[in-house]
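Each number in this note's numbering comes from the position in the sequence shown (counting from 1) with 2 added on.
Don't take each hint at face value.
[Said to hold, decoys possible] Calculated cross-link-like contacts (lysine to aspartate or glutamate; reagent style DMTMM-like; alpha-carbon spacing at most 25 Å): (1) K182 to E401; (2) K306 to E291; (3) K248 to D313; (4) K8 to D67; (5) K80 to E59.
Hints in this document: simulated from the structure, not taken from any laboratory.
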Amino acid sequence: MKQYYKSISYPKAINKSKESKVLKLALNSSDEEIAKIIKDLNSSQMRNLLNNKSYEELENHARYDNRSLNNSCLLIIKENLAKYYIRTKEQLKLFFNEQNTKVRFSSSSGTFKNNRKKEIFNWYPYIEGFSYDFVEDILNHVITTPKFVYDPFAGTGTTILVAAQNQIKSAFSEINPLMKFIVETKVNSIRKYNNIIAPNKTKIEDLLLYITESKWENYKLNDSEKNLLIKGFFNQEILTQLAFIKNSINKSELDSLLVNLLFLVLASIIVKESNMIRRSDLRYKKGLEFNEIETNVIDLFKSKTLNVLSDLKNIESSNYANTNFISWNAKEINSKYNNSFDLIITSPPYVNGTNYFRNTKLELLFLNFIENEDELKKFRTEAITSGINNVSSRKINSEQLPYVTHIVDALKKEQYDVRIPKLIVYYFSDMKKVFQNLHNLITDNGDFFIDIGDSKFKNVHVRSEERRVGKECRSRWSPYH
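With the sequences and hints as input, model every part of the structure.
Shown next as structure tokens:
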């Protein structure tokens, strides 16, 4: 019977006896595949595969199991290879996370930039978040294809959409109802294109023709639309066209998915056609910024809709996976999802002052997700405290964590805005709640990737990735910032 041998050194520094030891494993022909996988590993890697037990601990473990030292060690190795689904040397390299196998990201994949050039991902313009290739690189990097992916801050749904395209089931949380709507509409559109959208394409074109040929000038704005005009958010001619399109969609007898798809297109042009502009925050346009407004909103909507239909037609025909919306708030998730997800990819709110809800208030108001701006306060209160405007006396049960105390003290000494020290306390207290949930949601051998950024307030540098509450998560952590 052919045998294979693997020697593992145990320096005296890691042995209780303070003596150097060598463990010589013997593998028979039935273990040939395992021998091929581990033959090039050094002693440090082999000790890792044996759960970093000392020589004496391995001997004790073997005696406890009433096995020989050789068989006991082989069983530990086999259990770890099976646990992490390792079947090749390449997968084993990823297990050890060697420098040459670490995931590499382009400088732009951690931003929304690349999504602007990619069909479906570019349907709704967004400032924050990562691009599709960020998620694709992760899927190519992890040892095994995940079975269930989760994003606690879904945004426009980049993680969810890439998972769907790769036939991977997913779930998400998202507190902004507009973004939830966009995620679900995107996924449902690619999943049901052949059954619902393609057979009804003519009906969509008929509606576009009706909108184009009708006298939109005769449309009378309702009270909520007039309020947008009074606040100076829109030019009257522009708003009347937008409102006429919205009303025409509502009056149509199209399937609900088609209606949602058309409202997504409408949402994508609202800020562009308004007197506002989205930068780090939503503000009024100035000077040449008004030039981006296209006076013929009807033609713009028609063009955007036809582009969306073309994107859907051109995607590869496949069985796309579904997604589940599991909670509005990543701080509050049903325990039935504990130990469910073997991959989590997300970009949480940055502690940078951006008001994520005010950035979408025009779409929320115009598409009737909210009735007035006062409702934005509820979202800000419930969400992660990431901006100065989120700092509120309504925040309760915020824990000042010991590892941010020195930052809070430094910010108090600067004395230029009393809200900022509270912002840091609230932000990391909120994020701890999220991390505790992720700890419960992720499987023991799952992977967690997070796109995070630093912040700086005057002379105080807040290194978010160093205050990540990392001990709250038990699986592999990889920050990108």
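Each hint, compared with the structure:
1. K182 to E401: violated, 29 Å
2. K306 to E291: holds, 21 Å
3. K248 to D313: holds, 22 Å
4. K8 to D67: holds, 22 Å
5. K80 to E59: Roughly 18 Å separates the two Cα atoms, so the pair holds.
When held up to the earlier numbered hints, the structure conflicts with hint 1 and nothing else.
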